[in-house]
Amino acid sequence: MRRRRANGFARQGGFARHEGGYALIDVLVALLISSIALLAVLGGIALSARTARATRQRFIQIVTARNKDASEQQLSFIQETLPK
Amino acid sequence: MPANSSYRSSRKRSRNEGGFSVLELMVALLLFSALGIAVWSALAGGQNLVRRSSSLAAGTARLLQMELYLRRTAALVRTPFWAPGPGAEQAEGSLRVPWLDGQPEESLYLDWREGRLQVRTRKQEPGAVFGPFASVECGVYSGGPGGAAGLRVTILADTGDGQPLVILAPFGGSPFAPGTGP
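These protein sequences, in sequence, are chains A and B. Heads up: the first sequence runs through residues 30 to 113, numbered per the working numbering. Heads up: the second sequence runs through residues 812 to 993, numbered per the working numbering.
None of these hints come from the bench; they were simulated from the model. Treat the hints with caution; some may be incorrect.
Said to hold, decoys possible - Pairwise CB distance ranges, derived in the manner of DEER restraints:
#: 1; chain 1: B; residue 1: Leu875; chain 2: A; residue 2: Ala52; range: 33 to 41 Å
#: 2; chain 1: B; residue 1: Val977; chain 2: A; residue 2: Thr84; range: 15 to 23 Å
#: 3; chain 1: B; residue 1: Ala945; chain 2: A; residue 2: Val70; range: 26 to 34 Å
#: 4; chain 1: A; residue 1: Arg95; chain 2: B; residue 2: Gly913; range: 22 to 30 Å
#: 5; chain 1: A; residue 1: Leu57; chain 2: B; residue 2: Met837; range: 17 to 25 Å
#: 6; chain 1: A; residue 1: Ser100; chain 2: B; residue 2: Ala845; range: 54 to 62 Å
#: 7; chain 1: A; residue 1: Leu76; chain 2: B; residue 2: Lys934; range: 16 to 24 Å
#: 8; chain 1: B; residue 1: Asp912; chain 2: A; residue 2: Val70; range: 51 to 59 Å
#: 9; chain 1: B; residue 1: Phe892; chain 2: A; residue 2: Ser100; range: 14 to 22 Å
#: 10; chain 1: B; residue 1: Asp912; chain 2: A; residue 2: Ala69; range: 52 to 60 Å
#: 11; chain 1: A; residue 1: Ala69; chain 2: B; residue 2: Pro975; range: 33 to 41 Å
#: 12; chain 1: B; residue 1: Arg927; chain 2: A; residue 2: Leu57; range: 50 to 58 Å
#: 13; chain 1: B; residue 1: Arg933; chain 2: A; residue 2: Thr93; range: 29 to 37 Å
To be verified - Residues from chain A that face chain B, not an exhaustive set, calculated with beta carbons under 8 Å:
#: 14; residue: Val70
#: 15; residue: Ala75
#: 16; residue: Arg85
#: 17; residue: Ile89
Cβ coordinates follow ideal geometry from the N, Cα and C atoms, glycine included.
Extracted from the complex, chain B is given alone in its bound form (with noise of 0.2 Å):
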């Protein structure tokens, strides 16, 4: 009899140090299953940020070189002074600006289909390329206050948080001086 109990012992002291019971093990296991979980989900969420984020400073990139490529490409329309307006002709989806350079059979072509826009200084040249965009819209602002006109481009970028974004790019030509009038 006392050797059955301290073969007993022997065996309760060397199940408990010897290694885990199959409950112990369970227990860690739904525990790192857990934890699995929770770090697939944060490193999946980090990953999808990496995509947008990325994918938003592209497209930042691109609105911005379109914005200043506009910009210098407008202020190269001049209309003279005793001119009415610059006489733009607007059709679907492109639109012509005389007077460039102030040359009167000189212009200015934007086309625009499919979210892209071209943006051409000679009908023959294949210009500039911008987009893809969700939308884009040109056309003619003009009868400000001051009297300025220049090319709307109206675009709704696949990124962002879904607002158009607009883009007025002013004529050259007649001194056009903020703050100054007659």
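Next comes chain A alone, as it looks inside the complex (with noise of 0.2 Å):
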């Protein structure tokens, strides 16, 4: 029973792309997928820096606005304020 049962799977092909030498595509295959996945998260990563670079700008930009807002405000007393 047993053997009857491996004739079969052996007639249907089961290990036949193990016998007919598919190594190199399979390497190639999974070299593929894997530098997929490679890509992906390097590229995350890559992206992640870029925002936290764009973050840093972003603030000294606002506090150089910041900045020059405080040094270009004029001290004024209220009556001159007030309108006329």
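Quick one: dock chain against chain with the hints and give me the complex.
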């Protein structure tokens, strides 16, 4: 019973792929998949690094604008700001 | 003789079909080694980038908190209009600015040493401590075209492009109105 099942499995081509010599294409497909996964991971890391750098630049721009606003403020008294 | 030829051909065929030669294995090992080194260096670079990015983001968040705190605290200093200036007292690594909350006996204290900045609104209280930074320098700016005055804090952060960050935090009190002059 067991032998018959094994023979049937072999007849249907169960291990035919391994016996036929498809090792190179298997390796290439595995390399393609792993390289896509690696690129996705590294792309995410690069994107987060770019976001962090842009955040720092935006913060420096905000501080510069606030500094300009603070240094250009003018001191005036309430009486002078009242409508005439 | 024919039997020997048949044996050789069958052996050659079995060698080609049965597995890999040592040369093929060595070439495969060489290719996979080069590939592994490339992947390893890419992952190491990615890990370094992650470390630097997280450090940069944390440093930016700390700077943002400090900038907001400094501006909010400096606005509590309200110098009366008859006073010539806030009358700040600066020493080595410390700055005292009176007229906190408009009271001459209350002061804002700034102390900086070893890259840390401590801001206190009461002398006995610990206040807020920011840092560590590469360097911190504090002072008072005044004498602008509109007569504005405030705190001037220069920070050199460990993370970033190496440029010092200058924060001007204006004092409150007398009505500062941007763009309006006498």
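Going down the list of hints, with the structure as the test:
1. B:Leu875 - A:Ala52: 33 to 41 Å: violated, 56 Å
2. B:Val977 - A:Thr84: 15 to 23 Å: Given range 15 to 23 Å: holds, Cβ gap about 19 Å.
3. B:Ala945 - A:Val70: 26 to 34 Å: Cβ of Ala945 (chain B) to Cβ of Val70 (chain A): about 32 Å, so the range 26 to 34 Å holds.
4. A:Arg95 - B:Gly913: 22 to 30 Å: holds, 23 Å
5. A:Leu57 - B:Met837: 17 to 25 Å: The hint (17 to 25 Å, Cβ to Cβ) holds, given that Leu57 (chain A) and Met837 (chain B) are roughly 19 Å apart.
6. A:Ser100 - B:Ala845: 54 to 62 Å: holds, 58 Å
7. A:Leu76 - B:Lys934: 16 to 24 Å: With Cβ atoms ~47 Å apart, the hint is violated.
8. B:Asp912 - A:Val70: 51 to 59 Å: Once the Cβ atoms are compared, 53 Å apart, the range 51 to 59 Å for Val70 (chain A) and Asp912 (chain B) holds.
9. B:Phe892 - A:Ser100: 14 to 22 Å: Holds, since Phe892 (chain B) and Ser100 (chain A) (Cβ atoms, about 20 Å apart) stay within the stated range.
10. B:Asp912 - A:Ala69: 52 to 60 Å: holds, 55 Å
11. A:Ala69 - B:Pro975: 33 to 41 Å: holds, 38 Å
12. B:Arg927 - A:Leu57: 50 to 58 Å: holds, 56 Å
13. B:Arg933 - A:Thr93: 29 to 37 Å: Holds, at about 32 Å.
14. Val70: holds, 7 Å
15. Ala75: Since chain B brings a Cβ to about 7 Å from Ala75 (chain A), closer than 8 Å, the hint holds.
16. Arg85: For Arg85 (chain A), the interface hint holds, since the closest Cβ of chain B sits about 5 Å away, which is under 8 Å.
17. Ile89: holds, 7 Å
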